[in-house]
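> Start from the sequences and build out the full structure, keeping to the hints where you can.
There are 2 protein chains.
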Amino acid sequence: MKMLKDAILNQGKAINEHVLLVDSFLNHQVDVALMDAIGAEFAAFFKDKKVDRVLTIESSGIAPAAFTAKYLNVPLVIMKKQTSKIMTGDLLQTEVRSFTKGTEYQLTVKRMFLPKGDNVLFIDDFLASGEAAFGALSLIKKAEASICGIGIVIEKSFQDGRKRLDELGIPVCSLARIKHMSSNTIEFLE
Amino acid sequence: MKMLKDAILNQGKAINEHVLLVDSFLNHQVDVALMDAIGAEFAAFFKDKKVDRVLTIESSGIAPAAFTAKYLNVPLVIMKKQTSKIMTGDLLQTEVRSFTKGTEYQLTVKRMFLPKGDNVLFIDDFLASGEAAFGALSLIKKAEASICGIGIVIEKSFQDGRKRLDELGIPVCSLARIKHMSSNTIEFLE
Chain D
1 MKMLKDAILN QGKAINEHVL LVDSFLNHQV DVALMDAIGA EFAAFFKDKK
51 VDRVLTIESS GIAPAAFTAK YLNVPLVIMK KQTSKIMTGD LLQTEVRSFT
101 KGTEYQLTVK RMFLPKGDNV LFIDDFLASG EAAFGALSLI KKAEASICGI
151 GIVIEKSFQD GRKRLDELGI PVCSLARIKH MSSNTIEFLE
Chain X
1 MKMLKDAILN QGKAINEHVL LVDSFLNHQV DVALMDAIGA EFAAFFKDKK
51 VDRVLTIESS GIAPAAFTAK YLNVPLVIMK KQTSKIMTGD LLQTEVRSFT
101 KGTEYQLTVK RMFLPKGDNV LFIDDFLASG EAAFGALSLI KKAEASICGI
151 GIVIEKSFQD GRKRLDELGI PVCSLARIKH MSSNTIEFLE
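Quick mapping for you: the protein sequence lines, in order, are chains D and X.
The first sequence begins at 1 in our numbering and counts up one residue at a time.
The second sequence begins at 1 in our numbering and counts up one residue at a time.
What the hints contain is simulated information worked out from the structure, not anything from laboratory work.
Zero decoy hints are in this set.
Partial list, computed: chain X residues near chain D (C-beta under 10 Å):
id : residue
1  : Asp-31
2  : Ala-66
3  : Ala-69
4  : Gln-82
5  : Phe-113
We put the CB at the ideal spot given by N, CA and C, even for glycine.
What follows is the structure, given as C-alpha cells:
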C-alpha cells in the first residue's frame, strides 16, 4: 500500500534493527485519512470472507480496526490488556508477552462479544513474532468462533510471526512488509 | 442525539447510581456506525472553532475521536495512560485519578504532537467528575496550546465535571446527558 509505505519512509524512524517508531501517524499522533484508507483496503481484501465482526487489541489497533469495521458494516470488538472492576461476567483470557515493550498482559474479552460460530477478522497495527495474534487466536478458539483472516498494518517480515500464521493456513493481509531495517534504512519485502 | 440515547436505553445498563455499563456499543464491543454518526455530530458542532487537532485518551475515546478527526480533516492525538520504553523525548505528563475505575495513571503526550498555539478539540467517552478532561487541559496548558472545545459522548450530569468546565467558559458538547440513573432507570436531562 503505497500511501502507508510513503508514511513509513517519510515519517517512521527505525530505532534499531527491531524497533520501528511510527508514533507520528499510527499509534500516538494518528493520520486519520490514512487509517480510513487502510480500513478500505482491509475491507476490500476480506470482502468475500463473510466477516461477522472485527477484533482488535487496545489501543493501537483501534483506529485501523474501526475504519475496517465501518467499511465491512460489522461490529468492532476491542480486546482489553487491562480489566477493570466493572468488567465482570463470563470472561475469556489468555496471557500475551510483548517482546517490543518487554511486558506481559492478560488479554481479555467478554464471551458474549465473541459469539460461538462467528467469522472473526483480527486487525492489528504490528505483526512481529505473532504473540498478539496468537493470543487473539487462543481467545477465538476458546469462544468456539472462527478466524477468517488477519489484517496487519506493518509486518516485520524478518521475525517469524507471518511464517507461523501462514503455516496455519490463515489468510493474512499485511499492508507493509518490512524485510530489513536499521537506524539508516527501511527496506520493504515487495 | 437520538441514536445514542436509544443505544443507551436499549443496550446500556446502569449498574448502580454511578456506573453505566455501555460495553456492548461503546467501549468493548463498538457500534461503528454509531461512532461514525457521533464523529459527524461533533464535527458539525465544532466546525467554526478552527480545530487544528483532536485529542483523546486511550482507549475508549479513540473510536469516537477518530471519526471526529476524519470529519474535521485534522490529525488525532491519543494521550497515553501507560508509557513504554520506546516512548522517549520531550514528554508532557500529569496525574489523573479515575473515580469509576479506582485507579490513578500518568497521562502522557509527546510535546511535538501538541504544538504550541494549536486549537485543540478534546473528545472523550465519558464526563463525570471531569478528572480526565482536567488532565487534558493541564497538558494542553503545559504545551502552550489552546482548548477550543470538548466533545463528550455520555455526560453524567449528576456529577460536577460539566459544571466545572462551564465555569471555565469552554464550549462543551455532550451528546447524551444523564440526569439520574439507578439499577432500573436511566433519565436524560434534555
